[in-house]
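Protein chains: 2
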Amino acid sequence: MQEERPYILISNDDGYTAPGINYLIDTLMPMADIIVVAPDSPRSGAGCCITPNVPLTCKLMHREPGLEVYACSGTPVDCVKVALNRFVRRRPDLIIGGINHGDNSSVNAHYSGTMGVATEGALQGYRSIAFSLCNHSLRADFTPLHDYLLKFTEYALTNELPPFSCLNINFPLCESFKGVRVCRMAHSRWQNELEEREHPHGRPYFWLVGDCAELEPEATDTDRWALANGYVAVTPVNLDLTHYGLRDKLNFDAL
Amino acid sequence: MQEERPYILISNDDGYTAPGINYLIDTLMPMADIIVVAPDSPRSGAGCCITPNVPLTCKLMHREPGLEVYACSGTPVDCVKVALNRFVRRRPDLIIGGINHGDNSSVNAHYSGTMGVATEGALQGYRSIAFSLCNHSLRADFTPLHDYLLKFTEYALTNELPPFSCLNINFPLCESFKGVRVCRMAHSRWQNELEEREHPHGRPYFWLVGDCAELEPEATDTDRWALANGYVAVTPVNLDLTHYGLRDKLNFDAL
Numbered sequence: 653m654q655e656e657r658p659y660i661l662i663s664n665d666d667g668y669t670a671p672g673i674n675y676l677i678d679t680l681m682p683m684a685d686i687i688v689v690a691p692d693s694p695r696s697g698a699g700c701c702i703t704p705n706v707p708l709t710c711k712l713m714h715r716e717p718g719l720e721v722y723a724c725s726g727t728p729v730d731c732v733k734v735a736l737n738r739f740v741r742r743r744p745d746l747i748i749g750g751i752n753h754g755d756n757s758s759v760n761a762h763y764s765g766t767m768g769v770a771t772e773g774a775l776q777g778y779r780s781i782a783f784s785l786c787n788h789s790l791r792a793d794f795t796p797l798h799d800y801l802l803k804f805t806e807y808a809l810t811n812e813l814p815p816f817s818c819l820n821i822n823f824p825l826c827e828s829f830k831g832v833r834v835c836r837m838a839h840s841r842w843q844n845e846l847e848e849r850e851h852p853h854g855r856p857y858f859w860l861v862g863d864c865a866e867l868e869p870e871a872t873d874t875d876r877w878a879l880a881n882g883y884v885a886v887t888p889v890n891l892d893l894t895h896y897g898l899r900d901k902l903n904f905d906a907l
Numbered sequence: 653m654q655e656e657r658p659y660i661l662i663s664n665d666d667g668y669t670a671p672g673i674n675y676l677i678d679t680l681m682p683m684a685d686i687i688v689v690a691p692d693s694p695r696s697g698a699g700c701c702i703t704p705n706v707p708l709t710c711k712l713m714h715r716e717p718g719l720e721v722y723a724c725s726g727t728p729v730d731c732v733k734v735a736l737n738r739f740v741r742r743r744p745d746l747i748i749g750g751i752n753h754g755d756n757s758s759v760n761a762h763y764s765g766t767m768g769v770a771t772e773g774a775l776q777g778y779r780s781i782a783f784s785l786c787n788h789s790l791r792a793d794f795t796p797l798h799d800y801l802l803k804f805t806e807y808a809l810t811n812e813l814p815p816f817s818c819l820n821i822n823f824p825l826c827e828s829f830k831g832v833r834v835c836r837m838a839h840s841r842w843q844n845e846l847e848e849r850e851h852p853h854g855r856p857y858f859w860l861v862g863d864c865a866e867l868e869p870e871a872t873d874t875d876r877w878a879l880a881n882g883y884v885a886v887t888p889v890n891l892d893l894t895h896y897g898l899r900d901k902l903n904f905d906a907l
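Chain order of the listed sequences is F and H.
Each residue of the first sequence is one higher than the last, beginning at 653 in my numbering.
Each residue of the second sequence is one higher than the last, beginning at 653 in my numbering.
Keep in mind the hints are simulated off the structure, nothing from the lab.
Watch out, some of these pointers could steer you wrong.
With a cut-off of at most 27 Å between alpha-carbon atoms, the simulated DSSO-like pairs for lysine-lysine come out as follows [said to hold, decoys possible]:
#	chain 1	residue 1	chain 2	residue 2
1	F	K803	F	K830
2	F	K901	H	K803
3	F	K901	H	K830
4	H	K803	H	K830
5	F	K830	H	K901
6	F	K803	H	K901
Per the computed footprint, the stretches of chain H lying under chain F, defined by three or more beta-carbons under 8 Å from a beta-carbon of chain F, are [as the list claims (entries may be wrong)]:
#	stretch
7	693-704
8	728-734
9	765-777
With the Cβ distance kept under 10 Å, some of the chain H side facing chain F (calculated, not the full set) [claimed, not checked]:
#	residue
10	N737
11	S817
12	V834
13	Q843
14	V861
15	G862
16	E866
17	T887
18	L902
Using N, Cα and C, we set each Cβ at its ideal position, and we do this for glycine too.
Extracted from the complex, chain F is given alone in its bound form (with noise of 0.2 Å):
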């Protein structure tokens, strides 16, 4: 009896024509069925934003043996939503999101399309990573991730994460890594996050901007300190917001 191949869902924030999801196609298509349901176009920062109140509409791209491809009209996580729903074939074995163009490590997690195709899948109760690489360029070698996509997929599809968790992995710029390392999310913080120009009748209008600031930038546990040393930032990502500890010395009786 012939075993069935792994069926994989895959979504970005970049858009489905994106090189990043394209390269991830095509080196997971050898292993897996695939489903793409990405957006039409790109959805940097994103974040978990759905769309509630615009009808969404979805296209068939691309079908081949073992690959289709849809464009979704909504976001990161509405793609998800949708395929879950509506397009996928049989339960998936695991849902990924990327490979984005660009760091999603430390607070960018928060703001990112990518994690929100985790995020959500996550949520739904599959396996969910998310793949990222620190380079905005449309023109990113992501030939130095090949193996590590693919071990690291074999991982997911073969070990159980517990609930409401997912995988936030980060690739740093280098043409070859020193290892990986299992990371916490650094404390960071974006500043100078507004360009004011002025619009030909006189308005103010404001591109949102910024640098990215260290607030710990003395710690070696970090995904932030993982990649600036050239190692792959693995951040292992809880759902479950509750702040534990905080919850425990919390107390509203007098309220």
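With chain F held as given, fit chain H onto it using these hints.
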């Protein structure tokens, strides 16, 4: 010497005209100077979405002693960034998201733009809280919340919260509350999330809908339980997303 009044930044995801945010403003004006930078239109489900690729505009809609109200073209998180980088007159003592029209307990916190406000506030190093009422109606009655809003705001103005934390405060839909419960985030799961329709030209489109299934209906320490039983639910939220338990178990040295 006259003591300076507290200075509070308020935003939301229902837009600056929503009754919820205006009820909050009216309630807090006697005790604080207020700046509002809120979306110019509803942005429900925006989560921590940011707008890096479209210029943002911001318009002063109202000014009176102790109150300024700006309408911003961006998401709730954009509003906080724009406010802090450009429009605040001094460092706010507190950042509040809400009052949201609708339940932001349990996994809804991931999708909530109101929680996006509090998340961004906390990531930027401010004391931050989110208020939500479990009633989507534009004609919701906010008067049962009045004294609680004042007391929670007073609490947040006089007590530190740990770094990378904020409070997600949800009010049940009832005329009076049994009390306040400090809770953990209930594990639940949205399901049946797509309603398919047909465009006049025959193409399918989808509305995001769904119902929220309890994954732990017996638990009595969750925000869902508190709300279902008439209590105000205070869920302390941890913005350090690291799954520390999983971090200590994972090992990729062999990769």
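Now for the hints, and whether the structure bears them out:
1. F:K803 / F:K830: Satisfied, since the Cα-Cα distance of roughly 16 Å is no more than 27 Å.
2. F:K901 / H:K803: holds, 18 Å
3. F:K901 / H:K830: Given pair F:K901, H:K830 holds - Cα atoms ~21 Å apart, limit 27 Å.
4. H:K803 / H:K830: holds, 16 Å
5. F:K830 / H:K901: This hinted pair holds, its Cα atoms lying about 21 Å apart.
6. F:K803 / H:K901: holds, 18 Å
7. 693-704: holds (count 10)
8. 728-734: holds (count 4)
9. 765-777: That given contact holds, which follows from 5 residues of the stretch 765-777 of chain H lying within Cβ reach (below 8 Å) of chain F.
10. N737: At 4 Å from the nearest chain F Cβ, H:N737 passes the 10 Å test, so the hint holds.
11. S817: For H:S817, the interface hint holds, since the closest Cβ of chain F sits about 5 Å away, which is under 10 Å.
12. V834: With a minimum Cβ separation of about 5 Å from chain F (threshold 10 Å), the hint on H:V834 holds.
13. Q843: holds, 8 Å
14. V861: Holds - the Cβ of H:V861 comes within 10 Å of chain F, reaching about 8 Å at its closest.
15. G862: holds, 8 Å
16. E866: violated, 14 Å
17. T887: Result: holds, 6 Å to nearest chain F Cβ.
18. L902: holds, 5 Å
The structure shown violates just one earlier hint, number 16.
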